[in-house]
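J.: First to last, the sequence lines map onto chains X and S. Heads up, the first sequence is in the working numbering, so the first residue is 1 and it goes up one at a time. Heads up, the second sequence is in the working numbering, so the first residue is 1001 and it goes up one at a time.
One should not assume that every hint holds.
[What the hints assert, rightly or not] Distance windows between CB atoms, simulated:
no., chain 1, residue 1, chain 2, residue 2, range
1, S, L1118, X, R462, 52 to 58 angstroms
2, X, Q75, S, V1122, 21 to 27 angstroms
3, S, V1122, X, R318, 41 to 47 angstroms
4, S, P1071, X, P127, 20 to 26 angstroms
5, X, Y409, S, S1072, 20 to 26 angstroms
6, X, R8, S, S1072, 39 to 45 angstroms
7, S, D1094, X, H110, 30 to 36 angstroms
8, X, G15, S, R1101, 41 to 47 angstroms
9, X, L160, S, R1101, 38 to 44 angstroms
10, X, F118, S, P1071, 41 to 47 angstroms
11, X, L160, S, H1096, 21 to 27 angstroms
By construction, these hints were calculated from the structure, which means they are not laboratory data. We put the CB at the ideal spot given by N, CA and C, even for glycine.
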Amino acid sequence: MSAAAATRMLDGLEGQYTHAVIAFLDDEGYPLSVATGFRAEPERGVVLLDAVAGKAVGPPIGPEVNVVFSHIRPQPGVGYDERRYVSLWGQLRPVDDGRRLEFTPARVQHWDEQEVPFFEFSERGVPQAHRYMDQLSRETGRRVKPSLSPFWLFLRATRLPFLSATIVPIGLGISVAALHGAWHWWLAVLTLVAGACVHLGLNVANDVFDTASGADAANVTPTQFSGGSRVIHYGLLTMRQMQLMSLGVYAVGLGIGLSLAIARAFWPIVIIGAVGAFISYFYTAPPLRLVHRGLGEIAVFLGFGPVMVLGAYEVQARTFSWEALFASLPVGILIALVLYVNEVPDRPGDAAAGKRTLAVRLSKPAVIAGYVGAVTVAFLLVLSGALSGVLPRPTIIALAAVPLALPVYRGLRDHYESPYQLMPVMARNIQLHLATGMLLILGYVIALVAGHLITNPPVFLR
Amino acid sequence: MGVLPEPIEELLNAALVAELTVIDDRGRPVTHPLIPLYDGEKIHMTSSVLFSRKLEHIKANPKVSLSISDPSAVSVERFRRATIQGDAVVDDSDLHSGWERKVLPLWRVKEPAIDFFLGKRVALPLFFERGIIEITPRRAFLWHDGRTEVPPTVYELAGAAR
């Protein structure tokens, strides 16, 4: 350990720890650890430890000893926080006529959860976990791997909760069609299932390619909203199992899509479906790898915006609709912004793996300005659409979701470099898309109900 | 009444953290803060596979030492300090559920929030793949008022747990 590193490490000891523990090997080869008081002298690179009384517990002079400083703060009924420790190795020599022991550290290992959050600390241990389980497999002759119950494994592998990104645009397309007089509930269900399958296939394929590219391994700060499912990285499922799962759900989705095309409007639905499948697959798959080129947001905008809304509309109404296209734009922008914000904590891992997302390419001010600009455009589209009558007037209620964008802006501004503090920000951004989409759908439902109940509804209900 | 003197048992049952010292592959002591769980005969600790170097070290050399030293992590009426030397074995025959069957009831008593965290297993699957460290005490040192500038009382326990 360099003198500068020793000074830095020793500087904060007295303020952060109440005592030291000296650990050494006794005459019988057993470790023996004894607590004692201490005073750090950072400028000299030493720690003065109070001598320990008793021959049986006296630390040795000469051999390497381990001096540990450890602290936690109990939180009754909850657990504890403020976990931190510093572990130093070095030699002791007696000073002050044997009343003290001068410890000169040569090596250090430390962790403070306020500097490296527990989740990141754990994530850095994944290679060790694999080494241990691989060795255990060799020793026992059976495959030792981590496991989860099938339900939780499926939920984690497919990232099922993100299905709101599919439910909103398909629900919107169906709502537009319903207002236009086209409504078939069984077609609506099949469209939702097909869209969900393609979305889940995309999620699983995304993990396959992120594992293959090294992006998952390079990312040590994943959160529940970013960094992928990590089921391959953790050894919960193999690459092959994930490939089969991806192909399976894609096949179901495409099969239903093809059936809908045959039953309703073949070429329009085939073309929309093909565009969606193309975007979905090449989102992370080579050679295009759209997300690696900073085109992920455009892909997501198209796939979870116009493609899904127009597809759902086409299945119901068997025709194209400019209104459905217009309605898809704000939800497409907002879902693209979900990806855009979720890429922020993944920047270091993505950059290391050559995944040049917008968050990797742009500076913090540019990313935040981009967010504000895109949110503004999304809600201006809602406002102008509702006022002009392109969208039904009741859809103006979607503006009620605007306040959800403010904490996202503030969170990006204040916690841009803190992946775990960005978690509530990412959650709020997902809520922004979901709330806006659901309010747009509600606006359509209001217009639809008003049209049924009132012969000539007032303009604000049309 | 277990194999350890009562004042040390009380410490073990109250401590939220203890320092476990093992011997690494180069024969050097390495210390890890862990939660100690005592069943009256053996001291149990668990380690996630994420931080499993200590398990490897114990398998190679079972000699360990455990100290309870932190006043803020031990809630007893009159603070004291103790160190226990012993022989450890690692039970990693069922990383997924073995520790739940053998150790979770003891853990739950000391840290009720463990059930909440275990409910979030899907978020941290590797953290809950855990090996069990079982320590058979052979010698214990007790500093009655926590001051180690006075010699400890030494208890020879070899054979007590057998």
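J.: If a hint holds in the structure, say so; if it doesn't, say that too.
T.: Going down the list of hints, with the structure as the test:
| no. | hint | verdict |
| --- | --- | --- |
| 1 | S/L1118 x X/R462: 52 to 58 angstroms | 54 angstroms, holds |
| 2 | X/Q75 x S/V1122: 21 to 27 angstroms | 23 angstroms, holds |
| 3 | S/V1122 x X/R318: 41 to 47 angstroms | 42 angstroms, holds |
| 4 | S/P1071 x X/P127: 20 to 26 angstroms | 36 angstroms, violated |
| 5 | X/Y409 x S/S1072: 20 to 26 angstroms | 40 angstroms, violated |
| 6 | X/R8 x S/S1072: 39 to 45 angstroms | 25 angstroms, violated |
| 7 | S/D1094 x X/H110: 30 to 36 angstroms | 32 angstroms, holds |
| 8 | X/G15 x S/R1101: 41 to 47 angstroms | 42 angstroms, holds |
| 9 | X/L160 x S/R1101: 38 to 44 angstroms | 30 angstroms, violated |
| 10 | X/F118 x S/P1071: 41 to 47 angstroms | 24 angstroms, violated |
| 11 | X/L160 x S/H1096: 21 to 27 angstroms | 22 angstroms, holds |
Going down the numbered hints, you'll see the structure goes against 4, 5, 6, 9 and 10, while the others check out.
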